Amino acid sequence: MELLAQQLITGIATGGIYACMALAVVMIYQAIHHLNFAQGEMAMFSTFVAWQMLAWGVPYWLVIPLTVVISFAGGVAIERLVIRPLGDAPVLSHIVVFIGLFAIINSLAGFIWDFTIKPFPSPFGEGSQFGGLISNHQIGMIAVTMTVLVMLFLFFQYTRVGLAMRAAAENPASARLVGIRVGWMIALGWGMAAAIGAIAGILIAPIVFLEPNMMLSILLYGFAGAVLGGLTSPTGAVFGGFMVGIIENLAGTYIPVIGGELKLPIALFLIVTVLVFKPTGLFGRTVVQRV
Amino acid sequence: MSVNTTTTADSPASATKGVSLPAPAAATGNAKIMRTAGVILLAIGVAAPFLSGNFLIFQLTMMMIYAIAILGLNILTGINGQFSLGHGAFYAVGAYTAAIMMDQFGVGYLWTLPMAGIICFMVGFLFGLPALRLDGVYLALATFALAVVTPQLFKLSPFEHWTSGVMGIVISKPDAPFGLPLNPDQWLYFLTFAIGLLAYVCARNLVGSRTGRALMAIRDNPIAARSMGVNTALFKSLAFGVSALYTGVAGALGAIVVQYISPDSFHFALSVALVVGLVVGGVGWLPGALFGGAFIMFVPNIAEELSKGLSGAVYGVIMILMMYAIPTGLGGLLKAALGALSKRSMTR
Amino acid sequence: MHKRRNMLKYMGAGLVLSAGLALPAISHAADMPGVTDTEIKLGNIAPYSGPASAYSTIAKTISAYFDKVNEEGGINGRKVNFLSYDDGYSPPKAVEQARKLVESDEVLLIFQSLGTPSNSAIEKYMNMKKVPQLLVATGATKFGNPKEAPWTMGWQPNYQSEGIIYGRWITSEMPDAKIGVMYQNDDFGKDVLAGLKAGLGDKADSMIVAEASYEVSEPVVDSQVVKLKASGANVFINIATPKFAAQAIKKAHEIGWDATQIVANVSTSVAAVLTPAGLEASTGVISTGYLKDMQDPQWADDPAKKDWEAFMDKYYPDGNKASNFTVYGYSVAQTMVHILTQAGDDLTRENVLKQAASMKDVTLPLFLPGMSMNTSETDYFPIEQMQLMKFDGERWVNFGEVISGEVGG
Chain S
817 MELLAQQLIT GIATGGIYAC MALAVVMIYQ AIHHLNFAQG EMAMFSTFVA WQMLAWGVPY
877 WLVIPLTVVI SFAGGVAIER LVIRPLGDAP VLSHIVVFIG LFAIINSLAG FIWDFTIKPF
937 PSPFGEGSQF GGLISNHQIG MIAVTMTVLV MLFLFFQYTR VGLAMRAAAE NPASARLVGI
997 RVGWMIALGW GMAAAIGAIA GILIAPIVFL EPNMMLSILL YGFAGAVLGG LTSPTGAVFG
1057 GFMVGIIENL AGTYIPVIGG ELKLPIALFL IVTVLVFKPT GLFGRTVVQR V
Chain E
4 MSVNTTTTAD SPASATKGVS LPAPAAATGN AKIMRTAGVI LLAIGVAAPF LSGNFLIFQL
64 TMMMIYAIAI LGLNILTGIN GQFSLGHGAF YAVGAYTAAI MMDQFGVGYL WTLPMAGIIC
124 FMVGFLFGLP ALRLDGVYLA LATFALAVVT PQLFKLSPFE HWTSGVMGIV ISKPDAPFGL
184 PLNPDQWLYF LTFAIGLLAY VCARNLVGSR TGRALMAIRD NPIAARSMGV NTALFKSLAF
244 GVSALYTGVA GALGAIVVQY ISPDSFHFAL SVALVVGLVV GGVGWLPGAL FGGAFIMFVP
304 NIAEELSKGL SGAVYGVIMI LMMYAIPTGL GGLLKAALGA LSKRSMTR
Chain C
220 MHKRRNMLKY MGAGLVLSAG LALPAISHAA DMPGVTDTEI KLGNIAPYSG PASAYSTIAK
280 TISAYFDKVN EEGGINGRKV NFLSYDDGYS PPKAVEQARK LVESDEVLLI FQSLGTPSNS
340 AIEKYMNMKK VPQLLVATGA TKFGNPKEAP WTMGWQPNYQ SEGIIYGRWI TSEMPDAKIG
400 VMYQNDDFGK DVLAGLKAGL GDKADSMIVA EASYEVSEPV VDSQVVKLKA SGANVFINIA
460 TPKFAAQAIK KAHEIGWDAT QIVANVSTSV AAVLTPAGLE ASTGVISTGY LKDMQDPQWA
520 DDPAKKDWEA FMDKYYPDGN KASNFTVYGY SVAQTMVHIL TQAGDDLTRE NVLKQAASMK
580 DVTLPLFLPG MSMNTSETDY FPIEQMQLMK FDGERWVNFG EVISGEVGG
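Chains as they are written, first to last, in this note's numbering: chain S, 817 to 1107; chain E, 4 to 351; chain C, 220 to 628.
No wet-lab data here; the hints were simulated from the structure.
Please note that a few of the clues may not be correct.
To be verified - Restraint-style ranges between C-beta atoms, simulated for each label pair:
#1 E:214 - S:976: 49 to 55 Å
#2 S:906 - E:231: 22 to 28 Å
#3 E:226 - S:906: 19 to 25 Å
#4 S:901 - E:231: 35 to 41 Å
#5 S:942 - C:517: 25 to 31 Å
#6 E:161 - S:873: 49 to 55 Å
Bear in mind the structure is a predicted one, so any value in this text is a computation, not a measurement.
We put the CB at the ideal spot given by N, CA and C, even for glycine.
Full structure from sequences and hints, please.
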């Protein structure tokens, strides 16, 4: 019984990482209706930028807002310079560009900062609760994720810019007709996703240690969480992330012999099952297709 | 979007979505150009192994193998409109089928190819069933997850007895049969060449048939297709099956040519590479598969020559630039060029 | 008729075009491929991209070392041309690069190819072509098999030897121990685990109370550590690569698990593993070593260390001095230089292999004191000794003797 409780808490702690990533994924999906596979790499790169500033002696309380701002600008720049020229190219061409971005960012990070792992300090300090099962940092991470979630919700529901962004993503043609500058809304969406990604990266790095390849598997679990909760629902995505963390921890502990090996396949299984039975996820809205 | 009709049956441009050829005369002209290009390529293909060193033959063989895999993916994505970011999984199944049959059961390598095809067809069809409910980005996600998980699936300990888990399986390279004066590399080249040709011809026939038109109808407007009586569920699953068959046979060939497979051979980068090859060659344009295969085979090597430390970045830049230059791939480019040519000949 | 003539015309054109593919015949020095009077060509395959890119530091160090050797006159008057290609840790790519090195670049040999999958992939080819595949960068025990693969040889202590050493130590020092093992679920982790069980002998099943594996694709190993502690184990064997070893050490400390911890030799770097994990958390951790850790203050005045530092400053200034991959790369390059020097002017592949298989008590400056390399026609494991050491919060302190962990056959 005690082991179960311990694994649950550990699962929630790990799930916090996935929830964070899932939120970033859903965020950009809402803005541009594309899944950006380079999302994880952008988050990783932002975290390296933060690390570099710390190494140069910039004080910690300044580094985080600075990184967020730089990432935001970077996201907008990438959208304007790299994605915009694609114009109306088919979706698959977009996907190839995302793949290209992935390769470039990953390679660049490895070239500049090399591949050995680097410790990254936590804004919440060391120390832990529940007999060491969940660290203060992990609690802080969950708190920050929730805060960002609430802020995003308020932004999208109650601000004009938020409404404009949603309109631009939902129906670009009509949005243009009412005077929304769709191009800039999309760029804004990228910027925000990059900024959230940076926060996610800074929260994740202290736990998993910073290195260029740290994000790929987290991205997959983040996708799993986003799908489970629903790509159209940020709240669902966060919930989904936690669920994925708990499920994979329990599976690893209690399924005999191959439990540990099944963690990744379970993520796949979750994604496929949810998508087949409830494609919009546990909390998503159903989309009606017009003929 | 008007449906293409052409007088000549073997113009590759006829089977794809895109620029419609305006008149029969222009169509014959284009078909002639395509046909001569095809013949030249064929001649080069046959002569190559006798004029190059074994290493280049090996690379060309791998290129053709990737082309066959991309052909499979093209049938699913280009013709039937279903995304797959996970075709590496079918490649892996084909490879392991061949390897296990040769290693554990001593089956001759030639028999492994149709076996790999059949097994992959079944696996593909089975995967196609849940995929029926998925569209667009959701299908992309599901197949993406499949790609990432593939190496893991072959490492699972219950299967280790057959797959040798992480240690991998080593295979012997077959010699040319009937005492033909070819070394193993040349023989495998010709074998792959023949299979590639066969695959292409079958694919083209499939696309030009009623089934092909049904597949394309499903791609262009699934709801309309269904309301016209096309059994979308069956055709979509079939498309998955056939697509997996092609890629599985490619995987089996790949295992025989490389002589070694292990779970790490099927990292998610393989699935990604197949998608890149598909787009670069031209989604929906079958001959583009060869160009796609050449791209993913040789461009990373070029990138490495340019910069070892940043080879990934160079490759990424080349990819992105290609997408700016030819967003619809080589196929799209050629169609536009031929379209422009025929238009010019019309106005004369 | 008209059509057929055109057909033939085009085929002819095709044949002429394909003549362009014909590579100029490269003239061999048939008995000494890769060798001229002034140059020796060596090949290497390393993961410069992909999941294992961290290990590319080794190849970069080796390349820098050959720059130094060349500047100092080369080996017996010949300069070394070190060709290193990327395989992205993908076996098919490794095969392609191996074929390129052997058939296109015509190297003398391939050495320090990295990773069990890549080496497994090219082993058959190398042995068939009779090209030495030396000093492979993996401890997998299968690469020391002169009967089946006479052209393939390892360098670092093999993983099973390491496991055996741990097993024997536990049975002699803590015969009532309850052992919990965390291992990476691949050839490395499983090999060490197999050695551990062999070292524990009959008592393996009774002493090991819990096992937990992890995949390289997992972000964290917290769950495994928690599970092992819950099993009541008082000895924690941490068979992991640097990132995961660090995570596990940190977590074990956080949950207050009071167990004797043994960590795998690949994860003993003070800077790359113990510092991220926390020096306090790492205090008391035991491992084995065979190379000096350059961050360890006990070697601060060691002339060998100063030589290494001078080398890094001059030839590989971008290199990460805190990474023990650079120490590894430096030492393995020195081994290669030794073998080639011994071969003198008879640089045929056969003779170079023979020299590699007849090393007697060869020591290197960065070996721990008391270690040496030995090979013979039946013994293809150059380094079989290791030294037990314990971390005291600041440095690794050796204890006990240099132990040999010989694996049979």
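How the hints compare with the structure:
A hinted range of 49 to 55 Å holds for the C-beta pair residue 214 of chain E and residue 976 of chain S, which are about 52 Å apart. Range check, residue 906 of chain S to residue 231 of chain E: Cβ separation about 25 Å, and the 22 to 28 Å hint holds. Against the hinted window of 19 to 25 Å, the Cβ-Cβ separation of residue 226 of chain E and residue 906 of chain S comes to about 20 Å, which satisfies the hint. The supplied range of 35 to 41 Å is met by residue 901 of chain S and residue 231 of chain E, whose beta-carbon atoms lie about 38 Å from each other.
For the pair residue 942 of chain S and residue 517 of chain C, the supplied restraint of 25 to 31 Å holds, since their beta-carbon distance comes to about 28 Å. For residue 161 of chain E paired with residue 873 of chain S, a C-beta distance near 53 Å keeps the hint of 49 to 55 Å intact.
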